[in-house]
Amino acid sequence: MYICCMITSGINSHYEYDFEIVGDSEAGLPKKSKIRIEKIFSIDERLILSKEGSLGNKDKVILKNKMKKLFSYL
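According to this note's numbering, the sequence shown is numbered sequentially starting from 85.
Errors might be hidden in some of the hints.
[As the list claims (entries may be wrong)] Dumping the calculated DSSO-like pairs for lysine-lysine here, alpha-carbon to alpha-carbon at most 27 Å:
| hint | residue 1 | residue 2 |
| --- | --- | --- |
| 1 | Lys116 | Lys152 |
| 2 | Lys115 | Lys135 |
| 3 | Lys135 | Lys123 |
Source of the hints: derived by calculation from the structure; they are not laboratory data.
Required output: the full structure, derived from the provided sequences and hints.
Spelled out as structure tokens, the structure:
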């Protein structure tokens, strides 16, 4: 089971916990994109067909900190 967040190239939208991916080329994304942390979901690993990219270290730190902040309100 994996915990995932929505990624969107609709960078003009503004949600409180969105953040723009710094290393978009490193992540394998063709356009500037944002991670939308409020759109979190789980997925069974058997449904994942391939890995298209990965977040760089800076983006991982930002994601971790924003998720901590989001879940501290629960």
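Consistency of the hints with the structure:
A hinted pair counts as satisfied when its Cα atoms are at most 27 Å apart, and lysine 116 with lysine 152 qualifies at roughly 24 Å. With a C-alpha separation of about 17 Å, the suggested pair lysine 115 and lysine 135 falls inside the 27 Å cut-off, and the hint holds. For the given pair, lysine 135 sits about 20 Å from lysine 123 by alpha-carbon distance, which is consistent with the 27 Å threshold.
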